[in-house]
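Colleague: The primary structure of each chain is shown beneath.
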Amino acid sequence: MNSMTELILQLKNVSKKYVGLTALHPSDLDLYSGEILVILGSNGAGKSTLLKLMCGAESSDSGEVIFLGAQQKHWSVATSRSLGVEVVHQELAVVGELNPIENLYLGRELVVHKRWWPFLARRVMRKEGSDLLRSLGAQLSSLKGKTVELSGGQRQAVAIARAVGWGEKLIILDEPTAALGIAETAEVEQMIRTLRGRGLAVVLVTHRLDQAKNLADRVAVVRQGRIVGNFLKADIEVGKLAILITGEESASVV
Amino acid sequence: MKSNLTFVEKGTRFLVNYSALIVLAVLIVVFGTLSPSAFFSLNNLQNIFVQASPGGVVALALTITMIVGEFDLSVGYMASLAGLLVFGFMVNHHDSFILSVFYSLGATSLLGLISGLIVSRLKVNAFIGTLGIGFVAVGIVYSFSNGALITGKTPHIVDTLGLGSIIKIQNLTLLWICCIAILWVVTERTPLGVHMRAIGGQARAAELVGLPVAKIRMWAFVCSAFLAGFGGIMLSMRLGSGQPNAGNGYLLDGFSATFLGRGFYRAGEFSVPGTVVGALILQVGYNGLAIIGMPTAAKYYFSGGTLVVALALGTIAGSYHFKLNDRKRKK
Ligand SMILES: Nc1ncnc2c1ncn2[C@@H]1O[C@H](COP(=O)(O)OP(=O)(O)OP(=O)(O)O)[C@@H](O)[C@H]1O
Ligand SMILES: [Mg+2]
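Protein chains in written order, with this note's numbering: chain A, 2 to 255; chain B, 33 to 363.
Calculated from the structure, these hints are not laboratory results.
Among the hints, erroneous ones may be present.
[Said to hold, decoys possible] Listed next, the stretches of chain A that the computed footprint assigns to chain B, with coverage defined by at least 3 CB atoms under 8 Å from CB atoms of chain B:
#, stretch
1, 107-113
2, 189-203
[Claimed, not checked] Below, a list of computed lysine-lysine pairs in the DSSO-like style, where the Cα atoms sit at most 30 Å apart:
#, chain 1, residue 1, chain 2, residue 2
3, A, Lys128, B, Lys155
4, B, Lys155, A, Lys18
5, A, Lys74, B, Lys42
6, B, Lys42, A, Lys145
7, A, Lys74, B, Lys185
Backbone N, C-alpha and C fix where the C-beta goes; we use that ideal spot for every residue, glycine too.
Generate coordinates for the entire structure from the input sequences, incorporating the hints supplied.
Modeller: See the structure below:
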């Protein structure tokens with residue numbers, strides 16, 4: 002870790018209970034600038050829950066969230082977004098009924114005549130939004146139709162573009178390449194490296210161990226609501242990871 | 033993409049996107065042919081618009097809640113309440129017109145706030161919550177008037193608003209147009225409008241980008257109750273009295289208008305322009321049936337029929353959209 006790295010987000014003793022089920026037992030996790038943290042774990046392990054606590058989409062039942070050294074009493078999505086945290090959620094990453102441009106700018110629309118009453122600056126958003134999408138290589142069939150009418154991969158591209166366009170400190174990606182083709186996956190992986198180069202902290206959930214090994218500076222493994230492993234790139238061994246993920250010695254690596 | 037569509041598909045898409053406008057045009061052609069001189073007279077056209085106006089405003093009230101993915105069963109009762117209260121304050125309490133309007137809309141807005149709190153914060157189903165508040169409104173109507181009509185000496189402005197016109201357009205119609213213009217701007221041209229549609233489309237996704245879902249939904253109910261009250265006051269200006277049940281029928285008409293409206297402007301979705309076309313369909317129908325001398329029963333058959341047809345059209349439009357999407361995806 003070089004001297005430039007900075008502690009972006011600290012989760013201390015955070016946990017989450019749903020009715021009758023503990024999705025995440027009290028856990029600690031630190032996120033550093035210029036570092037890609039890959040989170041691994043089987044289905045239902047609690048990865049998405051952990052990410053939701055990071056961005057404030059769910060509130061923690063315990064512990065504290067510290068962003069750039071400041072303790073956050075009300076860690077909500079609105080707060081985290083305003084501080085430069087962006088998320089691509091596994092589900093409901095975009096609103097299907099809105100068009101891609103509306104999705105890109107959702108919650109921070111550009112406006113004119115701000116003092117009297119805010120009107121949408123629709124032409125500017127369409128221009129800048131489509132530039133952003135194009136610069137990230139997203140090929141969309143239509144910017145005017147509903148986002149639900151796009152393919153799964155195209156929808157994902159819109160969500161990723163939004164995160165990249167506005168994320169300044171921390172970008173959280175929950176299985177962003179699950180719906181993508183080979184070329185698109187490679188592009189997203191390249192983009193993740195670019196983000197790290199720019200000094201952002203990146204959190205990536207994936208089920209693909211090869212992707213984890215390629216991208217990760219650090220790996221955390223979640224199993225049954227607990228962080229059971231947290232180690233640096235040098236210590237990553239695919240065989241060990243598989244055992245940690247499943248909790249079984251005999252697990253085979255796929 | 034579009035060029036991949038066959039001629040039939042293009043035709044179907046046109047029908048789906050403009051179904052409400054087509055229905056309106058067909059009605060106009062039918063009644064215009066059956067009774068051209070009566071239907072197209074200036075007097076009758078003014079009539080259609082002025083009769084559509086109060087109910088049109090109430091339908092807009094309903095539309096606001098529908099856009100955010102809720103609905104408000106109390107709009108008809110709110111309209112009755114405000115229409116009655118405004119006369120009650122003017123006649124029984126000798127309050128000024130402005131003050132009476134202020135009190136009446138204040139009362140319905142307050143009830144709307146309670147509905148909003150119940151539905152958005154306590155998460156009570158809108159069906160139960162707004163129906164309950166609707167009955168509270170009826171209760172207030174009866175404790176205020178004992179079920180009797182309120183009439184008497186009122187300020188001049190009541191007749192001016194209810195019966196007057198400016199360059200051939202009735203004042204009530206102008207008020208409706210003002211409501212349409214304001215609501216169109218808010219829902220289609222401001223960030224708030226986008227947020228409302230996002231919440232109506234996928235509330236959890238809207239929450240995940242930090243939109244204040246509960247707050248916007250709550251204010252939608254306030255806005256709905258305010259507008260419903262406004263429509264009710266417009267109606268009472270026209271009737272020249274406060275009547276305990278005057279606005280009740282606007283609930284079903286409002287539903288018909290909003291659902292018919294899914295066949296225009298934003299196909300398959302609720303919108304302000306769509307609801308306006310929906311309200312005009314209903315009024316042209318009522319008016320035309322009366323002109324060609326159909327009995328009152330026909331009005332109810334038409335009203336019930338359009339509600340069912342509107343719901344069916346909405347479903348067809350929705351499923352057609354999905355079929356088309358599947359097709360697109362396979363390519
Ligand atoms: N909103 C919720 N209400 C109740 N239980 C929930 C909710 N969200 C998640 N859970 C439960 O919490 C546990 C962890 O879920 P989570 O989504 O974090 O898993 P995950 O590791 O992301 O899984 P996957 O790989 O399938 O995405 C699961 O058992 C799930 O059923
Ligand atoms: Mg998950």
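Colleague: For every hint, state whether the structure bears it out.
Modeller: Hint-by-hint comparison with the structure:
1. 107-113: holds (count 4)
2. 189-203: violated (count 0)
3. A:Lys128 with B:Lys155: violated, 40 Å
4. B:Lys155 with A:Lys18: Distance ~21 Å between B:Lys155 and A:Lys18 Cα, so the pair holds.
5. A:Lys74 with B:Lys42: violated, 54 Å
6. B:Lys42 with A:Lys145: Roughly 17 Å separates the two Cα atoms, so the pair holds.
7. A:Lys74 with B:Lys185: Judged against 30 Å, a Cα distance of about 60 Å means the pair is violated.
The structure fails to meet hints 2, 3, 5, 7 from the earlier list, while all remaining hints are met.
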